[in-house]
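Chemist: Protein chains in written order, with my numbering: chain A, 1 to 220; chain B, 1 to 298.
These are calculated hints, taken from the structure and not from any lab test.
Certain hints may be false.
Taking lysine to any residue and the SDA-like style, the derived pairs with C-alpha atoms no more than 20 angstroms apart in a straight line are [said to hold, decoys possible]:
hint	chain 1	residue 1	chain 2	residue 2
1	B	K81	B	L96
2	B	K132	A	A156
3	B	K132	A	A193
4	B	K132	A	V167
5	B	K132	A	R31
Ranges between beta-carbon positions, derived for each pair [unchecked claim]:
hint	chain 1	residue 1	chain 2	residue 2	range
6	A	G176	B	T117	55 to 65 angstroms
7	B	R44	A	D67	51 to 61 angstroms
8	A	C53	B	G41	44 to 54 angstroms
9	B	G48	A	L121	16 to 26 angstroms
10	A	C53	B	T117	54 to 64 angstroms
11	B	H161	A	L16	47 to 57 angstroms
12	A	R24	B	R208	46 to 56 angstroms
13	A	D95	B	P194	17 to 27 angstroms
14	A	R42	B	L272	13 to 23 angstroms
Beta carbons are placed, not taken as given, at the ideal position from N, Cα and C, and that holds for glycine.
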Amino acid sequence: MATPAELLRTWLGQQLWLDIQLARIAQGDERTLFLALGQAARRVGRGPLAADCVQAETARTRWNPADWSCDQAARTLLVLALPSADPVRWLATLDRCFHAATVEELVALYQALPLLSHASLLTGRAAEGVRSSMAPVFAAVALDNPFPAEQFGDDALNQMALKCFFVGADSARIIGLDRRWNLDLGRMLAHYARERRIASRPLDPALPPLARACGADCPD
Amino acid sequence: MPDDLLLIDPHVHMSARTTDDYEAMAAAGVVAVIEPAFWLGQPRTQVGTFQDYFASLIGWERFRAAQFGIRHYCTIGLNSKEANNEPLAEQVMELLPLFAAKEGVVAIGEIGYDDLTPAEDRFFRAQLELAKEVGLPVMIHTPHRDKTRGTSRSMDVCLEHGLLPHQVVVDHNNEETVKEVLDRGFWAAFTIYPKTKMGNERMVEVVRKYGPERIIVDSSADWGVSDPLAVPKTAKLMIERGIPTAQVTATCYANAIAAYGQSGQIRESDWLAPAAIDQRQLFSGNSVLRGQQPRIDA
């Protein structure tokens with residue numbers, strides 16, 4: 001069975017530049033990783049990725065790269081190539097990538113979370129993405145991404161779900177939330193619904209059913 | 001002024017400006033800005049503050065500008081003032097390759113001389129080499145004091161390091177420096193300051209005297225007394241004073257694209273026909289607007 005990295009590489013077609021960078025990074029060349037993350041779009045283009053979502057689901061449950069771009073796929077491959085045998089060093093290098101990232105790179109890095117090793121070491125990083133004021137960065141963690149529902153504790157997951165409504169994101173795109181319904185989330189959502197009503201502001205019609213599913217009393 | 005005149009402010013420190021400024025600039029026809037890396041009014045003491053500053057130039061500030069329908073580009077570099085703290089400057093130099101190759105970085109800059117010290121000279125030269133290595137043009141900050149000598153020397157050093165005049169934008173020119181800069185084939189940028197140096201009226205006369213070729217108008221608006229509408233106001237004054245529209249477009253828009261377009265990182269299509277992925281990632285958020293609709297026409 002193909003790994004996500006093998007699929008991404010196949011979907012990108014012939015990419016000599018990328019293959020050279022991946023080989024260097026696999027040898028532990030961090031400078032190449034930092035430079036290549038910035039240069040990926042000018043090397044492989046920014047067009048839509050020809051992804052096969054059936055293959056993706058087989059390689060990694062609930063992974064959905066349907067809306068990915070070619071530069072995003074290349075950036076994902078670049079971080080996947082980084083040696084991860086030493087988790088402390090690996091995480092330090094990954095953090096440096098996040099600290100020097102453009103918006104496009106942040107989107108790619110956060111969407112790559114469910115494909116990376118050492119998932120338990122990445123929950124703090126993912127929560128940082130949820131705190132972002134940049135809507136596409138928040139969306140990269142919260143939407144179409146199986147990582148939060150698989151790895152977050154209730155507190156972080158509930159904050160993320162509530163923020164979805166707060167910023168007007170489509171909560172139906174949170175992957176796996178239905179397996180994580182909890183009373184505290186219901187209470188937070190119901191309270192937010194009351195705030196909106198008191199202020200005479202519109203409420204996402206998806207919110208009250210979700211609050212009720214979590215056990216809260218929340219009229220439509 | 002024609003309503004459809006597109007303008008670029010190719011030198012403006014938006015990190016120091018408010019959302020009111022972004023709104024006013026967009027309303028006045030500014031479609032793109034270039035924010036050069038500079039100092040913050042007082043010297044930094046830690047390399048980490050440089051790292052976060054560069055990260056904000058390629059991240060948050062670019063996103064913030066997009067909320068107002070303005071494309072944000074930047075230059076990366078160690079400014080001449082802070083080059084004088086040599087131990088810190090050495091650490092900043094090690095950071096630069098991390099940021100210089102990012103998307104939307106259109107030059108190494110603003111670099112050059114301030115007090116014309118040996119430390120400034122050392123890091124100016126090192127960054128000219130970096131510009132050649134990463135294939136980016138250079139934005140030169142010319143000194144406020146001893147300007148004529150500093151400007152000549154900046155150009156001498158660029159040539160000494162093998163850069164070609166058309167790869168270098170010399171900024172903060174005045175009537176004293178412009179002739180030599182243009183005669184030697186460099187781009188000559190002018191900062192329109194409200195109270196000192198170049199004012200709008202003097203700028204009009206410079207364009208009348210020298211024509212539009214290789215002349216670029218900018219505001220350098222920052223945290224000091226400055227005007228983020230300097231480019232639109234100067235464009236308007238040029239038209240009122242009878243400068244042909246084509247020359248206004250050249251000096252307040254097209255020349256900046258030609259000069260910084262040598263980076264491959266700024267194209268007219270970025271704002272005239274943005275890619276679908278850009279629209280999703282950079283033009284769809286509303287976090288800065290706090291409930292307002294984004295001011296986006298397309």
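Chemist: Take the hints in turn and mark each one as holding or not.
Modeler: To see whether the hints hold, each was checked on the structure:
Only pairs whose Cα atoms come within 20 angstroms are accepted, and K81(B) paired with L96(B) is accepted, the gap being roughly 17 angstroms. Proposed proximity of K132(B) and A156(A) is contradicted: the alpha carbons are some 46 angstroms apart, above 20 angstroms. Of the supplied pair hints, the one linking K132(B) and A193(A) is violated, its CA atoms being roughly 57 angstroms apart against a limit of 20 angstroms. Our distance criterion of 20 angstroms between C-alpha atoms is broken by K132(B) and V167(A), whose separation comes to about 43 angstroms.
Taking the CA atoms of K132(B) and R31(A), the gap is near 18 angstroms; set against the 20 angstroms cutoff, the hint holds. Under the hint 55 to 65 angstroms, the C-beta atoms of G176(A) and T117(B), about 59 angstroms apart, fit the expected range. The hint said 51 to 61 angstroms for the Cβ distance between R44(B) and D67(A), and at roughly 39 angstroms that hint is violated. Look at C53(A) against G41(B): about 51 angstroms separates their beta carbons, and that is inside 44 to 54 angstroms.
Between G48(B) and L121(A), the C-beta spacing of about 22 angstroms keeps the proposed range 16 to 26 angstroms intact. Under the hint 54 to 64 angstroms, the C-beta atoms of C53(A) and T117(B), about 59 angstroms apart, fit the expected range. Range check, H161(B) to L16(A): about 31 angstroms between beta-carbon atoms, so the 47 to 57 angstroms window is missed. The beta-carbon spacing between R24(A) and R208(B), approximately 54 angstroms, falls within the hinted interval of 46 to 56 angstroms.
Our hint of 17 to 27 angstroms for D95(A) and P194(B) is violated, since their Cβ atoms are close to 43 angstroms apart. The hinted window of 13 to 23 angstroms between R42(A) and L272(B) holds, with their beta carbons roughly 20 angstroms apart.
Of the numbered hints stated above, those contradicted by the structure are hints 2, 3, 4, 7, 11, 13, listed in ascending order.
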